[in-house]
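Take these sequences, add in the hints, and give me the full structure.
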Amino acid sequence: MTNADITAVFDRVADLLEFTEANPFRIRAYRSAARTISSMIESLASLRENSTRTFTDIEGIGTDLSHKIEVLLETGSLPLLEELEASVPPGVFAIMRVPGLGPKKAKILFEKLQIESLESLENACREGRVATVRGFGEKTQQSILDNMAFAKSDQHQRLLWEDADGIMQDVLAYMKKSFAARTVEGAGSWRRGCETVGDLDLVVESDDPTTVMNHFAEWNGTTVVLLRGDTKMSIRGPRETQIDLRVVTHDSFGCALQYFTGSKEHNVLLRSRAREHNLTLNEYGVFDGFQASETSVPEKMSVNVIHAEKGKWIAGRTEEDVYKAIGLPWIPSEMREGRSEITLAEEGRLPRLVELSDVRGDLHMHTTATDGENTLEEMVQAAIERKLEYIAITDHGQRVTMARGLNAKRLLNQWGEIDRLNDSLSKHGKPAIVVLKGIEVDMLEKGGLDLPDNVLEQADWVVASLHYGQSQPREKITSRILEAISNPHVSVIGHPTGRLINRRQAYDVDMLTVIQSAAKYGTFLEINANPWRLDLNDIHAAAAQKAGVKLVISTDAHSTQGLRQMRHGILQARRASLASEDIANTRPLSELRTIMKKRTRIQ
DNA sequence: GCCGTTTTCGGCCCGACTGTTTTCAGTCG
167 MTNADITAVF
177 DRVADLLEFT
187 EANPFRIRAY
197 RSAARTISSM
207 IESLASLREN
217 STRTFTDIEG
227 IGTDLSHKIE
237 VLLETGSLPL
247 LEELEASVPP
257 GVFAIMRVPG
267 LGPKKAKILF
277 EKLQIESLES
287 LENACREGRV
297 ATVRGFGEKT
307 QQSILDNMAF
317 AKSDQHQRLL
327 WEDADGIMQD
337 VLAYMKKSFA
347 ARTVEGAGSW
357 RRGCETVGDL
367 DLVVESDDPT
377 TVMNHFAEWN
387 GTTVVLLRGD
397 TKMSIRGPRE
407 TQIDLRVVTH
417 DSFGCALQYF
427 TGSKEHNVLL
437 RSRAREHNLT
447 LNEYGVFDGF
457 QASETSVPEK
467 MSVNVIHAEK
477 GKWIAGRTEE
487 DVYKAIGLPW
497 IPSEMREGRS
507 EITLAEEGRL
517 PRLVELSDVR
527 GDLHMHTTAT
537 DGENTLEEMV
547 QAAIERKLEY
557 IAITDHGQRV
567 TMARGLNAKR
577 LLNQWGEIDR
587 LNDSLSKHGK
597 PAIVVLKGIE
607 VDMLEKGGLD
617 LPDNVLEQAD
627 WVVASLHYGQ
637 SQPREKITSR
647 ILEAISNPHV
657 SVIGHPTGRL
667 INRRQAYDVD
677 MLTVIQSAAK
687 YGTFLEINAN
697 PWRLDLNDIH
707 AAAAQKAGVK
717 LVISTDAHST
727 QGLRQMRHGI
737 LQARRASLAS
747 EDIANTRPLS
757 ELRTIMKKRT
767 RIQ
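Each residue of the first sequence is one higher than the last, beginning at 167 in the numbering used here.
Don't read these hints as lab results, they were simulated from the structure.
All C-beta atoms in this analysis are idealised placements derived from N, C-alpha and C, irrespective of residue type, glycine included.
A portion of the hints provided could be inaccurate.
[Unchecked claim] Computed cross-link-like contacts, DSSO-like style, restricted to lysine-lysine with a CA-CA straight-line distance of at most 27 angstroms:
hint, residue 1, residue 2
1, Lys490, Lys430
2, Lys642, Lys686
3, Lys278, Lys318
4, Lys318, Lys270
5, Lys343, Lys398
6, Lys342, Lys398
7, Lys398, Lys305
8, Lys686, Lys712
9, Lys575, Lys612
10, Lys612, Lys642
11, Lys430, Lys271
12, Lys398, Lys271
13, Lys612, Lys686
14, Lys270, Lys430
15, Lys478, Lys430
16, Lys478, Lys490
17, Lys278, Lys305
18, Lys270, Lys398
19, Lys305, Lys318
20, Lys478, Lys398
21, Lys596, Lys553
22, Lys642, Lys712
23, Lys398, Lys430
24, Lys273, Lys318
25, Lys271, Lys318
26, Lys271, Lys305
27, Lys305, Lys270
28, Lys553, Lys593
29, Lys305, Lys273
30, Lys430, Lys712
[What the hints assert, rightly or not] Okay, the calculated beta carbon distance ranges per label pair:
hint, residue 1, residue 2, range
31, Ala713, Phe259, 36 to 44 angstroms
32, Asp537, Arg483, 50 to 58 angstroms
33, Ala211, Gly294, 50 to 58 angstroms
34, Met568, Asn620, 25 to 33 angstroms
35, Phe259, Arg483, 39 to 47 angstroms
36, Arg405, Arg759, 40 to 48 angstroms
37, Arg214, Leu578, 49 to 57 angstroms
38, Arg552, Pro255, 54 to 62 angstroms
39, Glu431, Asn620, 49 to 57 angstroms
40, Ala574, Gly257, 54 to 62 angstroms
Listed below in structure tokens is the structure:
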């Protein structure tokens with residue numbers, strides 16, 4: 167069983183436990199363990215065989231879950247899961263896809279009306295039977311019918327960050343036009359720079375929530391208002407995306423932004439930490455004591471204070487204030503995943519994360535010589551306009567026949583063109599840009615590369631990628647990649663796992679071994695900035711950095727527009743807690759060449 | 001089900017909104 171299999175089992179157990187009135191903290195324990203395991207780079211199976219560590223050394227795994235992992239690795243199944251599957255009717259999970267129906271209501275509907283599919287639920291609503299059940303009413307019945315089409319649709323894939331960003335920029339620009347809105351910020355997984363985004367979150371500072379919410383309702387992207395209270399409102403917007411708005415006062419803005427940025431796990435840790443300091447943290451502020459009196463809350467907060475907190479208000483205007491109040495420096499939003507960021511912050515070891523402006527070169531792109539849309543000259547011109555100091559032209563090698571991949575003759579011709587281009591660029595002193603002679607070679611199905619070493623040795627930069635035979639077994643794929651890593655002419659492994667977000671799984675590769683080998687040979691690993699790829703992902707990139715591997719963030723641009731995708735790779739690198747010094751293409755070209763020479767000395 | 005220098009038992013983050021109640025449970029984030 168792989169880590170992904172065990173993650174799936176624990177998540178499934180948690181889902182099923184929701185129906186059994188189990189202790190919610192027990193459910194949380196399964197979810198938390200699943201999350202931790204899914205973000206481990208080392209497989210549990212190999213940890214069991216090779217390591218001196220035991221499963222209980224893993225945060226959130228105690229004796230019970232440790233034993234269950236043993237059973238899973240040994241037998242491939244878990245008795246608890248089988249018991250639960252037998253006791254929970256299949257089909258209730260479909261019912262929970264209706265907004266507003268959770269495990270409790272789904273269970274009641276099954277027990278009272280024997281409903282276990284969306285179809286039987288729809289019929290029961292049309293016949294008025296749902297409204298007769300205690301705890302349900304006419305409004306709930308109508309709401310279920312209204313949401314039936316949404317629940318039946320399987321178009322609920324999370325948006326790519328790039329697509330979410332398009333919607334976010336539109337709605338931010340629109341909300342900033344509201345005269346009642348003093349500050350408008352996007353939060354949630356968009357602000358954390360996640361690969362994909364489920365819904366969008368907006369936080370607005372204002373003393374006049376009604377006006378702000380009216381403005382929101384009138385946005386031309388709003389298709390339906392899902393709910394609306396005094397300070398909180400949700401709409402469905404473009405591409406069926408839910409957009410949540412919270413309106414808060416000046417004194418609460420930092421806390422609200424922090425809270426709605428998440429992640430949930432980060433917030434739980436932060437609030438626990440606040441309690442340890444005898445403080446309470448919520449979206450309105452940091453308060454002295456667990457429970458205190460209503461009187462000392464600032465008057466400006468009166469709108470929000472009805473249910474609330476009572477203690478002395480200490481902080482909340484900015485995120486910096488909030489973190490400071492609980493004894494921490496501000497933590498960049500991309501790091502807030504509840505992994506190790508709070509410990510790093512505590513110990514003053516937060517890295518200065520890499521920024522787009524640190525990037526000096528782009529080392530993976532295509533031209534019309536293969537499957538690019540723009541010529542060599544156009545790509546170079548676009549790179550100059552983006553103020554890059556160097557680029558590598560890396561068209562496909564000959565194996566990629568669909569892209570008219572280059573054989574040795576055509577490649578050498580292209581390199582001749584690049585030589586002439588560099589000459590003309592440097593005719594009047596220091597060139598605006600240096601163009602490296604590169605190639606994206608293919609790691610062949612049977613092993614080896616699709617161009618010979620005597621050609622590759624003439625290259626400035628070689629990307630090795632795997633495009634064919636992606637369904638080969640783990641050992642075979644891994645050995646193809648290890649062979650390329652040890653090839654002295656290969657500079658970097660391109661999109662090392664091959665996954666396409668929402669479209670194609672990563673091929674099965676032993677990433678721990680790949681990383682260790684890349685560290686040994688000084689071969690770089692790529693963070694491919696294409697928004698469908700983002701490959702390596704944050705977990706792998708962080709593990710690579712820890713192992714001493716240098717990373718390269720590349721656009722893999724197939725057009726001049728594609729060069730703009732660098733920002734996605736930067737976000738991914740920031741999620742991996744990477745600093746500028748971890749990224750090879752933030753170096754001046756002379757330094758990059760030095761790092762590359764170091765690796766040839768290892769041979 | 002996990003965790004621990006106040007604890008091996010008794011905690012575990014916190015609040016808005018809705019619909020259904022007649023004071024609150026369920027859902028969601």
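How the hints compare with the structure:
no.	hint	result
1	Lys490 <-> Lys430	holds, 20 angstroms
2	Lys642 <-> Lys686	holds, 20 angstroms
3	Lys278 <-> Lys318	holds, 22 angstroms
4	Lys318 <-> Lys270	holds, 20 angstroms
5	Lys343 <-> Lys398	holds, 19 angstroms
6	Lys342 <-> Lys398	holds, 17 angstroms
7	Lys398 <-> Lys305	holds, 20 angstroms
8	Lys686 <-> Lys712	holds, 13 angstroms
9	Lys575 <-> Lys612	holds, 23 angstroms
10	Lys612 <-> Lys642	holds, 9 angstroms
11	Lys430 <-> Lys271	holds, 24 angstroms
12	Lys398 <-> Lys271	holds, 24 angstroms
13	Lys612 <-> Lys686	holds, 24 angstroms
14	Lys270 <-> Lys430	holds, 22 angstroms
15	Lys478 <-> Lys430	holds, 25 angstroms
16	Lys478 <-> Lys490	holds, 16 angstroms
17	Lys278 <-> Lys305	holds, 18 angstroms
18	Lys270 <-> Lys398	holds, 24 angstroms
19	Lys305 <-> Lys318	holds, 20 angstroms
20	Lys478 <-> Lys398	holds, 24 angstroms
21	Lys596 <-> Lys553	holds, 14 angstroms
22	Lys642 <-> Lys712	holds, 26 angstroms
23	Lys398 <-> Lys430	holds, 18 angstroms
24	Lys273 <-> Lys318	holds, 19 angstroms
25	Lys271 <-> Lys318	holds, 18 angstroms
26	Lys271 <-> Lys305	holds, 14 angstroms
27	Lys305 <-> Lys270	holds, 18 angstroms
28	Lys553 <-> Lys593	holds, 19 angstroms
29	Lys305 <-> Lys273	holds, 19 angstroms
30	Lys430 <-> Lys712	holds, 26 angstroms
31	Ala713 <-> Phe259: 36 to 44 angstroms	holds, 39 angstroms
32	Asp537 <-> Arg483: 50 to 58 angstroms	holds, 51 angstroms
33	Ala211 <-> Gly294: 50 to 58 angstroms	holds, 54 angstroms
34	Met568 <-> Asn620: 25 to 33 angstroms	holds, 26 angstroms
35	Phe259 <-> Arg483: 39 to 47 angstroms	holds, 43 angstroms
36	Arg405 <-> Arg759: 40 to 48 angstroms	holds, 45 angstroms
37	Arg214 <-> Leu578: 49 to 57 angstroms	holds, 51 angstroms
38	Arg552 <-> Pro255: 54 to 62 angstroms	holds, 57 angstroms
39	Glu431 <-> Asn620: 49 to 57 angstroms	holds, 52 angstroms
40	Ala574 <-> Gly257: 54 to 62 angstroms	holds, 59 angstroms
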